[in-house]
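Here the protein sequences come in this chain order: A and B. Residue 48 in our numbering sits at position 48 of the first sequence, and the numbers go up by one each step. Position in the second sequence (first residue = 1) + 1000 = our numbering.
Hints in this document: simulated from the structure, not taken from any laboratory. Owing to the predicted nature of the structure, the values given are computational and were not obtained by experimental measurement. Incorrect hints may have been included.
Stated by the list, open to error - List of simulated lysine-lysine pairs, DSS-like, C-alpha gap at most 27 Å:
{"#": "1", "chain 1": "B", "residue 1": "K1100", "chain 2": "B", "residue 2": "K1110"}
{"#": "2", "chain 1": "A", "residue 1": "K44", "chain 2": "B", "residue 2": "K1073"}
{"#": "3", "chain 1": "B", "residue 1": "K1148", "chain 2": "A", "residue 2": "K44"}
{"#": "4", "chain 1": "B", "residue 1": "K1100", "chain 2": "A", "residue 2": "K119"}
{"#": "5", "chain 1": "B", "residue 1": "K1092", "chain 2": "B", "residue 2": "K1073"}
{"#": "6", "chain 1": "B", "residue 1": "K1151", "chain 2": "A", "residue 2": "K111"}
{"#": "7", "chain 1": "A", "residue 1": "K119", "chain 2": "A", "residue 2": "K95"}
{"#": "8", "chain 1": "B", "residue 1": "K1125", "chain 2": "B", "residue 2": "K1073"}
{"#": "9", "chain 1": "A", "residue 1": "K95", "chain 2": "A", "residue 2": "K111"}
{"#": "10", "chain 1": "A", "residue 1": "K95", "chain 2": "A", "residue 2": "K44"}
{"#": "11", "chain 1": "B", "residue 1": "K1073", "chain 2": "B", "residue 2": "K1100"}
{"#": "12", "chain 1": "B", "residue 1": "K1110", "chain 2": "B", "residue 2": "K1092"}
{"#": "13", "chain 1": "B", "residue 1": "K1100", "chain 2": "B", "residue 2": "K1125"}
{"#": "14", "chain 1": "A", "residue 1": "K119", "chain 2": "A", "residue 2": "K44"}
{"#": "15", "chain 1": "A", "residue 1": "K111", "chain 2": "B", "residue 2": "K1100"}
{"#": "16", "chain 1": "B", "residue 1": "K1073", "chain 2": "B", "residue 2": "K1110"}
{"#": "17", "chain 1": "A", "residue 1": "K95", "chain 2": "B", "residue 2": "K1151"}
{"#": "18", "chain 1": "B", "residue 1": "K1125", "chain 2": "B", "residue 2": "K1146"}
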Amino acid sequence: METLVRENRKSDQQRSEQFMTPVASVIEGGDVYMLNVEMPGVNKEGLEISVENNELTIIGRRSLAQVEGTLIHRESRPENFRRVFELDPSIDMSKISARIDQGVLTLTLPKAEQVKPRKITVS
Amino acid sequence: MSIIRYQPPQTLAFSGFDRLSNLRDELDTLFELPFWSNFGRQSQLFSGWSPALDLYQNNDNVIARIELPGMRKEDIEISLHDGMLTINGERKSETSEGEKAERTERYVGKFRRSVSLPTQVDTSKVTANYRDGILTITLPKAEEAKPKQIKVDVA
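Let's have the full structure, built from the sequences with the hints guiding it.
Here it is as C-alpha cells:
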C-alpha cells in the first residue's frame, strides 16, 4: 500500500469561495497515520473537518486580528485554506481525531484492525 | 524603503527529491490564482523556507507579522541591528523514531528573514507575540521618528 492518504484534486473544481492549498505531510507511525497540515492564523474555531464518501475535507478559516496601521509590505495571502484527501479504506474513519497547535492541524488516522500486522505463532 | 530577502549561502542547488513533489503544487497555485497574488513572493521551491512576512506601520509602531506555523517559542530568535529586523529559527523534523514520512511538503530546517525597517525604532520596547502560528512583532517608533504636529499660535 503506497499512498494511504491520497489527494483528491477533482473536487477542488466545484467551489465558489477562493481557497488556497495548505502544505501537508503524512507520517506513518505504527498503528496510525498522522496528517499534518499547515494553516497559520487558523484556530480551533475556524476549522471544519468532514468525512464523506471516503473523502476527507479540511477547511481552515483564519481569524486574524486586524493590525492597526497601513500595510507597507505584504507576502501573506488572504485566502482561507482548503484541501481534500481521499482516504484509503484501511483507515478506521470512526476513530479519526484532530488537534491544532500553533497553526498546524494534526489529524490522527488509525489503521483499521485488519490491516495491522499480526504475528501468527506456529504451534 | 527596501526589503531584502535573505538568501542563505548554504542553500544547495539541489535540495532533495522530497521537494519535487512541491513542483506540482507550485504549478497548480500558478494556475489557480490570479497572477498578481503571487507577485513579490518568490517560490519556496528553490529558495528553501522563506516564511511570508507582512509589514505595517502606524503613528506609533512598526508591526511585522510572520507566518511560522508549528514552531516552538524557544526556537524563534528575533534580533535588531542597524535598523534591520532579523527573524531566524529552526523547525525540527516531524518524524521521530519508528515513524516514516509518506509525503512531506512541510519545510524542516533553518530559516532566516531580514527586513530593513522604514524608521528608527526604540529597541528597548520591542515586543513579540506568537499565536496560532503567527509571530507578531511590535516595534515602537523612536520619538524622533514619530510624526509631529506643530501648532501654530496666532498672535
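Evaluated hints:
1. B/K1100 - B/K1110: With a Cα-Cα distance of about 21 Å, the restraint between B/K1100 and B/K1110 holds, given a limit of 27 Å.
2. A/K44 - B/K1073: holds, 20 Å
3. B/K1148 - A/K44: Cα-Cα ~43 Å, so violated.
4. B/K1100 - A/K119: holds, 21 Å
5. B/K1092 - B/K1073: holds, 12 Å
6. B/K1151 - A/K111: violated, 73 Å
7. A/K119 - A/K95: holds, 23 Å
8. B/K1125 - B/K1073: holds, 19 Å
9. A/K95 - A/K111: holds, 9 Å
10. A/K95 - A/K44: holds, 19 Å
11. B/K1073 - B/K1100: Distance of about 26 Å is within 27 Å: holds.
12. B/K1110 - B/K1092: holds, 9 Å
13. B/K1100 - B/K1125: Answer violated: B/K1100 to B/K1125 is near 44 Å, above 27 Å.
14. A/K119 - A/K44: violated, 40 Å
15. A/K111 - B/K1100: Roughly 15 Å separates the two Cα atoms, so the pair holds.
16. B/K1073 - B/K1110: Within the cut-off at roughly 14 Å; holds.
17. A/K95 - B/K1151: Answer violated: A/K95 to B/K1151 is near 68 Å, above 27 Å.
18. B/K1125 - B/K1146: holds, 15 Å
This entry does not satisfy hints 3, 6, 13, 14, 17, going by the numbered hints stated previously.
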